[in-house]
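Visitor: Residue numbers (this note's numbering), protein chains in the order written: chain E, 6 to 177; chain V, 51 to 217.
The hints are simulated quantities; they were obtained by calculation from the structure and are not laboratory data.
A few of these clues could be false.
Chain E stretches covered by chain V per the calculated footprint, using a threshold of three residues with CB under 8 Å from any CB of chain V [claimed, not checked]:
id : region
1  : 81-89
2  : 111-117
3  : 121-134
4  : 140-149
Please read these numbers as outputs of a predicted model, since none were measured by experiment.
Idealized CB from N, CA, C, for every residue including glycine.
These are the residues of each chain, in order.
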Amino acid sequence: MPTTYTLISSNVLSSSAESVTFSAIPATYTDLVLRASVRTSASGAFSSLGIVINGNVGTVYSWRGLGGSGSVSYSNWYSGQNAGDVSYGVGDTATANTYNSLEIYIPSYTVARNKPFSSITVQENNATAAYTLARAQLFSSTAAITSIQITESSGNNLLATSSFYLYGISNA
Amino acid sequence: MPTTYEKIATTTLSSATSNITFNSIPATYTDLRIVWVYKAVSAGNTAFLQFNSDTASNYSYTTLYGTGSAGGSQRSTNNTGAYLVSYAEAPTSEWQLQTIDIFSYAGSTFKTLLNTYSGDTNGGGFISRGVNLWRSTSAITSVALKFDAGGNMPSGSTATLYGILKA
Numbered sequence: 006m007p008t009t010y011t012l013i014s015s016n017v018l019s020s021s022a023e024s025v026t027f028s029a030i031p032a033t034y035t036d037l038v039l040r041a042s043v044r045t046s047a048s049g050a051f052s053s054l055g056i057v058i059n060g061n062v063g064t065v066y067s068w069r070g071l072g073g074s075g076s077v078s079y080s081n082w083y084s085g086q087n088a089g090d091v092s093y094g095v096g097d098t099a100t101a102n103t104y105n106s107l108e109i110y111i112p113s114y115t116v117a118r119n120k121p122f123s124s125i126t127v128q129e130n131n132a133t134a135a136y137t138l139a140r141a142q143l144f145s146s147t148a149a150i151t152s153i154q155i156t157e158s159s160g161n162n163l164l165a166t167s168s169f170y171l172y173g174i175s176n177a
Numbered sequence: 051m052p053t054t055y056e057k058i059a060t061t062t063l064s065s066a067t068s069n070i071t072f073n074s075i076p077a078t079y080t081d082l083r084i085v086w087v088y089k090a091v092s093a094g095n096t097a098f099l100q101f102n103s104d105t106a107s108n109y110s111y112t113t114l115y116g117t118g119s120a121g122g123s124q125r126s127t128n129n130t131g132a133y134l135v136s137y138a139e140a141p142t143s144e145w146q147l148q149t150i151d152i153f154s155y156a157g158s159t160f161k162t163l164l165n166t167y168s169g170d171t172n173g174g175g176f177i178s179r180g181v182n183l184w185r186s187t188s189a190i191t192s193v194a195l196k197f198d199a200g201g202n203m204p205s206g207s208t209a210t211l212y213g214i215l216k217a
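Isolated chain E, as found in the complex (with noise of 0.2 Å):
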């Protein structure tokens, strides 16, 4: 029986970095799960979080999100981003030692179709508002996909012990 939930990699950082990417992803899988544990060096409990898939930073992604904060639910959408969206990560203020948990799941990622995709993050710290966040993402691109970069959106780092595991499945 071949094995269908494998790591093909891993990071955990072990000084702050402006970026994680995972290259030269292979074509054998059928879908990817990108988990990870975030915490970066912006002010504030909670900081953004963009995805570049492909390098490509042209306007290719949109998505409809769904979130609460503790006090509030609300629903926002964007198209013709340069970056897709996978906020938030806990930012430097936030209660210490507190991550996020993100995990974005794209199927069919070496199909020559657009590439719909979900990623949701949760982060809570015990003292302000903490956001849960769950977003359709749509990357309007039918090449298959080979890397994935994940930044702070404002250019903060991503701080040391911050951790990234890339899964792929396999429906064979």
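Position chain V relative to chain E; hints supplied.
Guide: Chain V in isolation, oriented as in the chain E frame:
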């Protein structure tokens, strides 16, 4: 170490078809997971599923959704299938991602499933996270993915059924 996440079956449509059905699902796993990528050929179709060919009014749901301008929650009872996207129609323009987690599918209690829908269409779309209940004590042996109005999915639509094992 035993394998805990296994593909049971997968289907990719080679022509427009009204359903993707997984039959003869073995009872050897603990939970099931379905990953379904699809769109609709024509408007007016909402994704749902039926277990074991049960078309009686044995399904109900509660969902949390976002339209892009507002979030909300909705529930509905005594449906003839498990609605996976609340009331939103499946778009014809872009591919959508639906995941379905079915817990303790072989047990003798009613069955609960967690369904997530991610459907952005670059200026339109819908997102939802919901729960469905199937009021049956039968083990699940088949799952039919389809539209409530009977419309077709186009060629290229794909669904994979995974089994998750705790043993």
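Visitor: Could you check the structure against the hints above and give me the numbers of any it violates, in ascending order?
Guide: Per hint list: zero violations.
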